[in-house]
Every structure is written in C-alpha cells, then in structure tokens.
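Undergrad: Chains as they are written, first to last, in numbering that gives the first Met the number 0: chain U, 0 to 413; chain F, 0 to 413.
Just so you know, these hints were derived from the structure itself, not from any lab. This one's a predicted model, so the numbers in the text were calculated from it and none came from an experiment. Some hints could be false.
Stated by the list, open to error - Output of the computed footprint for chain U on chain F, the stretches with three or more beta carbons under 8 Å from beta carbons of chain U:
(1) 96-107
(2) 282-291
(3) 320-327
(4) 384-395
Don't be surprised by glycine CBs; every beta carbon is placed ideally from N, CA and C.
2 protein chains.
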Amino acid sequence: MTYPFLSGLRVVESSAFIAAPLAGLALAQHGADVIRVDMIGGGIDYARMPRMPHPQGRGRSLYWTALNKGKRSIAIDLRRPEGRELVQQLATAPGPDAGVLLTNIGTPWLAHEVLAARRADVITCTIQGNADGSTALDYTVHCATGYPAITGGGSLQRPVNQVLPAWDIACAWQAALAIAAALRARERSGRGAQLQLALSDVAFTTLSHVGVLAEAELLHQDRPSIGNHLYGAFGRDFGTADGARIMVAAISINQWKALVATCAIAEPIAALERRLGLDFSDEAQRFEAREEIAALVEPWFAERTRKEAEAALEANKACWGRYDLPTGLLAHDARVSAANPVFERIATPGIGTHLSAGAAVRASGWEREPTPGAPLLGTHTDEVLHEVLGLDSGAIGRLHDARVVAGAQEDPTA
Amino acid sequence: MTYPFLSGLRVVESSAFIAAPLAGLALAQHGADVIRVDMIGGGIDYARMPRMPHPQGRGRSLYWTALNKGKRSIAIDLRRPEGRELVQQLATAPGPDAGVLLTNIGTPWLAHEVLAARRADVITCTIQGNADGSTALDYTVHCATGYPAITGGGSLQRPVNQVLPAWDIACAWQAALAIAAALRARERSGRGAQLQLALSDVAFTTLSHVGVLAEAELLHQDRPSIGNHLYGAFGRDFGTADGARIMVAAISINQWKALVATCAIAEPIAALERRLGLDFSDEAQRFEAREEIAALVEPWFAERTRKEAEAALEANKACWGRYDLPTGLLAHDARVSAANPVFERIATPGIGTHLSAGAAVRASGWEREPTPGAPLLGTHTDEVLHEVLGLDSGAIGRLHDARVVAGAQEDPTA
Numbered sequence: 000m001t002y003p004f005l006s007g008l009r010v011v012e013s014s015a016f017i018a019a020p021l022a023g024l025a026l027a028q029h030g031a032d033v034i035r036v037d038m039i040g041g042g043i044d045y046a047r048m049p050r051m052p053h054p055q056g057r058g059r060s061l062y063w064t065a066l067n068k069g070k071r072s073i074a075i076d077l078r079r080p081e082g083r084e085l086v087q088q089l090a091t092a093p094g095p096d097a098g099v100l101l102t103n104i105g106t107p108w109l110a111h112e113v114l115a116a117r118r119a120d121v122i123t124c125t126i127q128g129n130a131d132g133s134t135a136l137d138y139t140v141h142c143a144t145g146y147p148a149i150t151g152g153g154s155l156q157r158p159v160n161q162v163l164p165a166w167d168i169a170c171a172w173q174a175a176l177a178i179a180a181a182l183r184a185r186e187r188s189g190r191g192a193q194l195q196l197a198l199s200d201v202a203f204t205t206l207s208h209v210g211v212l213a214e215a216e217l218l219h220q221d222r223p224s225i226g227n228h229l230y231g232a233f234g235r236d237f238g239t240a241d242g243a244r245i246m247v248a249a250i251s252i253n254q255w256k257a258l259v260a261t262c263a264i265a266e267p268i269a270a271l272e273r274r275l276g277l278d279f280s281d282e283a284q285r286f287e288a289r290e291e292i293a294a295l296v297e298p299w300f301a302e303r304t305r306k307e308a309e310a311a312l313e314a315n316k317a318c319w320g321r322y323d324l325p326t327g328l329l330a331h332d333a334r335v336s337a338a339n340p341v342f343e344r345i346a347t348p349g350i351g352t353h354l355s356a357g358a359a360v361r362a363s364g365w366e367r368e369p370t371p372g373a374p375l376l377g378t379h380t381d382e383v384l385h386e387v388l389g390l391d392s393g394a395i396g397r398l399h400d401a402r403v404v405a406g407a408q409e410d411p412t413a
Numbered sequence: 000m001t002y003p004f005l006s007g008l009r010v011v012e013s014s015a016f017i018a019a020p021l022a023g024l025a026l027a028q029h030g031a032d033v034i035r036v037d038m039i040g041g042g043i044d045y046a047r048m049p050r051m052p053h054p055q056g057r058g059r060s061l062y063w064t065a066l067n068k069g070k071r072s073i074a075i076d077l078r079r080p081e082g083r084e085l086v087q088q089l090a091t092a093p094g095p096d097a098g099v100l101l102t103n104i105g106t107p108w109l110a111h112e113v114l115a116a117r118r119a120d121v122i123t124c125t126i127q128g129n130a131d132g133s134t135a136l137d138y139t140v141h142c143a144t145g146y147p148a149i150t151g152g153g154s155l156q157r158p159v160n161q162v163l164p165a166w167d168i169a170c171a172w173q174a175a176l177a178i179a180a181a182l183r184a185r186e187r188s189g190r191g192a193q194l195q196l197a198l199s200d201v202a203f204t205t206l207s208h209v210g211v212l213a214e215a216e217l218l219h220q221d222r223p224s225i226g227n228h229l230y231g232a233f234g235r236d237f238g239t240a241d242g243a244r245i246m247v248a249a250i251s252i253n254q255w256k257a258l259v260a261t262c263a264i265a266e267p268i269a270a271l272e273r274r275l276g277l278d279f280s281d282e283a284q285r286f287e288a289r290e291e292i293a294a295l296v297e298p299w300f301a302e303r304t305r306k307e308a309e310a311a312l313e314a315n316k317a318c319w320g321r322y323d324l325p326t327g328l329l330a331h332d333a334r335v336s337a338a339n340p341v342f343e344r345i346a347t348p349g350i351g352t353h354l355s356a357g358a359a360v361r362a363s364g365w366e367r368e369p370t371p372g373a374p375l376l377g378t379h380t381d382e383v384l385h386e387v388l389g390l391d392s393g394a395i396g397r398l399h400d401a402r403v404v405a406g407a408q409e410d411p412t413a
C-alpha cells in the first residue's frame with residue numbers, strides 16, 4: 000500500500016543489495032515514482048537467494064522482488080557511454096520534483112559533480128560501506144559495534160553475529176529521510192545537495208544515540224554479556240510445559256506489576272527484596288537481581304502450557320511475545336495477514352500472488368494505492384524514455400536496435 | 000552536527016524510551032526545532048541505565064541524554080488539566096512549520112481528534128507497540144520474527160535474543176520519514192495527517208521487504224540456522240593466532256576473488272569445486288559449500304596474527320571487519336572519533352564533555368551547527384512558553400507558582 004505523501008516526486012535509483020533498494024522502496028511506498036535502473040540482464044543482486052524453483056535455475060529472486068516492488072524498471076547497458084548518458088539524463092531531468100539520484104554504486108559517471116554540471120540543484124544520495132570509499136557491509140560493520148560480543152552470551156573471542164541486516168535497514172530509512180529533508184531545503188533555497196551516507200557511520204552514530212559510546216568513554220565500560228536477559232530492567236525468555244518459549248519484559252513499573260501478578264509471586268518477590276536489600280520498583284534493581292527474579296518466574300512457565308501462560312499474561316496485560324517462525328506467523332498471527340491493512344496481496348511477474356507489505360505507517364483518511372509487484376527488468380524502459388526524456392518511438396527503437404536499452408523480454412527470468 | 004534541511008520546522012515530542020525520542024533526534028539533526036515535553040521531575044525513561052555515578056544515585060542517564068541531545072526541554076505537570084492544555088497549545092500552535100506532534104504515549108488528551116479540533120491540519124505521529132494499542136517492545140516483537148531461532152545457531156526451542164534494539168531504531172527513522180513526507184503533503188494540499196506506526200508492523204513489514212515472508216509463503220521454508228555464516232553467499236568469522244576474531248564476507252564476485260587471493264587458496268578451491276561439482280562464481284553455490292570453504296580459510300587465519308591477517312586482507316581489498324568493543328573503538332578506530340566529521344565533542348549538563356554523533360549523513364557544502372547537549376528538564380520552559388505561546392513573564396511566573404511548569408532547577412539530577 001502506498002500513500003500519496005510524496006506523489007509527483009521522481010527518484011532515479013541505481014543500486015544493489017539492501018540499503019539503497021530499501022531506501023527507494025521507502026520513498027516509493029510514500030508515493031514517489033522510483034525508477035530503478037539496472038544493467039540489461041540484471042545487476043549483481045538480481046539472482047540473490049532465495050529464488051523461485053526453476054529447472055534451469057533461472058527462477059526469480061524473492062529477495063530482489065521484495066525490495067523492488069512498487070518501482071518502475073528500466074534496463075540499460077551501463078558499460079556503454081550511450082547507456083550512461085541516458086542514466087545521467089534521467090537523474091537530471093528538469094522539474095521541481097525531479098533531479099534526485101539514489102545509489103550505492105560508487106562509479107565516477109554517477110558522481111555528484113558530473114550530474115551537478117547538468118543540473119546544478121540535483122540531489123544525489125550515495126550509500127557507501129565506509130566513508131573513505133572502502134568496502135563494508137552489514138556483517139563487517141556489525142562486528143565492530145561490540146554487539147556480537149554480548150549477543151547470546153557471546154564474548155569477543157566467541158562472537159555471535161546478528162542475522163537481521165539491521166544496519167542496512169537503518170541506513171535505508173536514514174537515506175530516505177535525508178532525501179526528503181534535502182528536497183524541502185531545495186524547495187526553499189534552490190540549492191541541491193550531495194548526500195553521502197556510510198553504513199559504518201550509521202552503525203557508529205547509533206552507538207552514540209543509544210548511549211553506548213558515552214558509557215564506554217565516561218564510565219570506561221562495555222555492556223555486559225547477559226544472554227537472553229534484557230539490559231537495565233527485567234526481561235527474559237521462558238519455556239512452557241509444552242516446549243514453547245515466551246519472551247516477557249518488565250521495563251515499566253506497570254509491566255513489572257503485571258508480571259508479578261501473572262505469576263502470583265508477590266510474596267516471594269517481597270522476600271527476595273528483603274533478602275537482597277533491593278527495591279524492585281526501581282528497574283535498575285530488577286536488573287541487578289535478574290537471575291534471582293528469573294528463578295522465581297521460571298517454574299510458573301514450566302508448569303503451564305503455552306496457551307495457559309499466554310492467556311494469563313494477556314489477562315494481566317503483561318508485556319510478552321511468543322517466539323515464532325515466518326511460516327508460523329503466516330499460519331496463525333493475524334498481524335501478518337491481509338487482515339492487517341499494512342499488508343496486501345500483490346501479483347509479482349514470474350512469482351505469482353502473495354502477501355506483501357506496504358509502508359508500516361498508517362495514515363487515517365489518506366487514500367492508498369495498491370503496490371504493483373516488482374517488474375521484470377526493463378518493463379518500463381520505453382515509457383520512461385518517452386515520459387521523462389521525451390524520446391519518440393523512432394529514437395527508442397534505435398536504442399533497442401543498438402542494444403543500449405532492453406525491454407522485459409530480455410529479462411533472464413522471463 | 001545538525002544540517003539546516005528542516006530548519007524552521009517545529010516538532011513537539013511527548014515520548015519515552017527509544018523509538019519516539021530517536022525519531023525526534025533524527026528530525027532535530029536534520030534541522031528541526033524539537034521540543035521535548037516531560038513531566039516535572041522526568042518521565043518513565045529519565046533514569047534509565049546506564050547512569051552517571053552519584054552518591055545518592057541521582058546521576059544523569061547516559062541513555063536519556065544520548066537520545067535527547069539537540070532538543071529543547073519543557074517540564075510540565077502532565078497530570079493536571081492546565082499542563083495538558085499547554086501541551087495541546089504547543090502542538091497546535093499556528094504556522095506552516097508548526098503543528099506537528101510526535102509521541103509514543105497513547106493518552107486520550109493527545110489523541111489526533113483532540114488536537115485536530117484545535118488545528119485542523121495538525122500532523123500527529125503516534126508510535127505504538129501493536130496497532131491494536133496493546134503493549135509490545137523491541138524484544139517482544141523480535142521474538143516473533145523468527146530471527147532469534149536462527150541467531151547464533153539457535154532454534155525455536157533455544158532462541159537467541161538480539162541485543163541491538165533494531166526495531167526501535169527502524170521505527171524511529173520510519174516515523175521521521177513519515178512526518179517529513181506528511182509535511183510535504185500538507186504544504187501542497189493543506190491536509191494534516193494522523194500517522195500511526197506500530198513496532199510490530201515495522202518488524203513484520205520488514206520481513207516482507209527482505210523476502211523472508213514470500214519465502215515462507217511460496218517456498219514453505221524458514222531460513223536455516225547457520226551460526227555465524229552469512230546467508231546466500233560466503234562469509235563467517237575466523238580466529239587469528241593471537242586470539243582476535245575477524246569477519247570476512249564474499250558476497251560479490253570481487254569480494255570472493257579477493258578472499259581467495261588473500262588466503263592463496265585458488266588451487267584447493269578449484270579442487271573443491273571439481274569434487275563437489277559446484278561453481279563458486281555463483282554466490283549460491285558458495286553458500287552451499289560454506290563449511291568446506293570455511294575449512295580451507297580457517298588455517299590461514301589461525302597461522303597469522305591479527306595484524307598480519309588484516310594487512311593481507313587490506314592489500315587484497317577483501318571485505319572484512321574486526322570484532323571489537325565500544326571501548327576498543329574509542330581507543331583505536333578513527334571512524335569513532337572527532338576526526339570523523341559525523342562526530343563532535345559536546346558538553347552535556349551534569350555529565351561533562353564527551354564524543355557524540357550528529358546525523359550520519361554528510362552533505363557537502365551545507366553548513367552544520369554543533370549539537371547542544373541534552374538539556375536538564377525544563378531548561379527551555381520559559382523561552383518555549385514565551386516564543387511559541389506568546390506568554391509574558393507574569394503569566395509564566397504564575398504557571399511556575401502553581402507548579403504547572405518547572406525550570407531546570409527542578410531537574411532531580413540538577
């Protein structure tokens with residue numbers, strides 16, 4: 000589902016992998032016309048796993064199609080000067096709502112200066128690994144943050160990687176915000192912007208924003224490795240009699256009271272407070288006694304089935320969640336279904352009809368448009384060349400004949 | 000460091016914890032005037048760990064001050080009608096760049112309808128746990144995504160929680176983008192917006208955007224639990240002779256060639272390809288043979304010191320990163336220092352001078368302002384009441400006398 004907040008805005012995206020394509024998706028789902036430019040036959044990420052089954056291994060990528068739904072696709076031979084010229088023209092086409100390039104491909108022919116020579120107020124946003132231009136990706140940035148050394152009870156010698164590409168995701172939304180903010184500034188000042196966003200800067204600035212860096216500098220300490228406990232209050236996963244795991248959190252005082260009420264452990268908790276000389280109405284003191292508290296909570300879960308435990312947690316308005324898998328979510332969690340208005344069923348060429356998410360934000364009263372499935376490469380080649388660059392069918396035909404551009408029939412998965 | 004992209008914009012933030020405050024910080028670091036409203040004496044998150052050492056335990060929170068730098072603070076008794084009236088007036092003050100509320104406090108007196116009755120085109124953005132209003136936080140949402148069951152070699156029965164509050168972070172940037180996009184729409188259409196963003200929707204829509212949901216629905220499979228390996232290509236951590244761990248990734252073909260060259264394993268790799276009947280120029284086939292490839296890479300790291308390994312990786316332009324801790328980053332990684340222009344040294348009252356991050360984005364040619372440290376609660380009470388609501392010193396004095404508002408001297412950490 001797409002909101003019309005950014006309708007009229009045109010963004011040219013030349014990208015690969017997650018961060019830049021997800022930034023483009025974010026803009027598209029807020030109403031922008033995002034034109035993804037790809038090499039004829041597909042870029043480096045076009046066949047990334049998982050793929051649809053196919054006898055010759057040419058099934059479409061569920062990864063690529065997920066990140067590129069709701070966009071238009073133009074296929075261009077990016078190795079040739081004529082092809083590069085077309086991309087430069089698209090990115091610098093006139094109009095107050097055009098002239099925006101989103102890329103993570105650090106190539107000289109898409110450099111800001113090159114485009115600014117064609118359109119002085121162009122906005123370019125280039126996503127990088129490190130700000131010096133060296134390579135980095137989610138895993139090689141995350142390892143430096145210290146988190147793997149405190150995940151799953153790990154240590155610096157036995158680190159545990161994070162599976163969610165959280166830095167790519169944070170980078171994507173930051174890029175989209177920076178573009179939206181720079182657009183506002185361009186409307187008011189007439190100035191364009193050369194935006195550069197490094198994945199490592201996204202990670203390390205976040206360490207500052209959540210207080211981890213100040214803690215390291217001022218208190219000379221790194222966060223402790225505490226397994227599945229949450230930091231700074233009380234929360235952990237517990238196992239039920241029938242083998243399910245449930246996460247409970249008691250950060251606010253109300254959440255704490257709800258947990259104590261659910262497990263009916265007010266008396267042993269009061270006794271524990273007296274024995275330890277602590278006051279569990281202070282979240283930091285709950286954190287200090289987390290192992291002792293967990294020992295009081297554990298039997299309650301172990302003696303109950305998942306259903307029984309969940310019903311009691313719900314009745315007491317505790318803060319909890321069930322550990323699940325994507326197949327399980329689809330089978331029984333209404334939050335991940337077309338009954339949730341942020342989801343919709345869409346049709347993706349080469350893949351079929353499936354559940355797909357729009358923007359997570361809900362905007363009451365604003366009309367929404369359904370999201371088109373990710374196009375085959377080059378599906379919009381002709382219409383983009385005509386609409387944006389004003390080329391007539393003769394000129395477009397000559398570009399096809401010279402194999403500078405291609406249409407959907409040249410998609411390798413078509 | 001703050002860019003002036005959103006300068007002039009005023010956002011009233013009534014919030015707690017991470018997602019909403021980080022959204023406010025994002026807007027502030029792009030130039031908005033963000034006025035954080037807090038209960039006199041501080042809200043539920045004001046004392047969150049870690050705190051500065053203090054004999055009576057009243058040290059300032061490094062968590063709160065990190066998330067609330069660069070904002071103005073007004074302290075109001077939010078339990079009283081006169082206090083609530085002030086917040087409603089602040090959030091609905093006139094002007095094209097005002098009339099924006101950011102909150103994660105689902106209270107009736109800040110409901111969109113209530114504010115829209117005062118200013119029809121108000122933009123409110125309310126962050127929730129679940130969209131039905133029920134409680135959820137990063138941990139109780141993350142457990143449902145399936146990621147804990149595949150982190151650190153975990154399973155649904157032995158899940159591994161994620162320490163980084165990745166969903167809060169993603170939610171924050173999405174809220175900031177939604178506000179920026181809705182502002183653009185308001186400028187063009189005159190319409191306000193009631194934005195609602197649920198943490199669980201942020202997580203589950205992301206599962207769709209990275210292809211995980213389509214995989215579950217169409218291929219009936221969940222991602223495998225593969226320890227520290229990355230999915231879909233080759234990458235893992237390796238130990239050096241002197242006990243360091245290094246993450247290497249070979250997603251692109253160039254990254255793969257660089258790793259093979261670094262470890263000088265072209266011949267055994269070719270032999271492995273022949274033996275398994277695989278072609279490692281295809282990333283999916285590298286993934287298939289990840290254990291066998293890792294066995295060839297492992298000895299190379301084990302025989303070298305960290306320095307030797309890093310020098311060789313660097314010389315071959317491999318994609319790698321060192322596992323580190325925040326204290327280590329500050330000690331020896333120039334990316335986390337004032338030499339990196341996205342960082343600056345700031346002064347925070349009650350804490351002192353320390354390294355702090357601005358926006359991660361760099362905008363060449365746009366002037367930047369230093370970020371003020373997080374204010375004591377109520378530091379800007381009088382100036383905000385005067386500037387925004389036009390109250391004179393007599394009226395402001397009466398609000399103080401009636402204890403409806405307070406200044407910085409009432410901050411419990413002052």
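Undergrad: For each hint given before, does the structure comply? Return the numbers of the non-compliant ones in rising order.
TA: Hint check: 1 and 4 fail, others pass.
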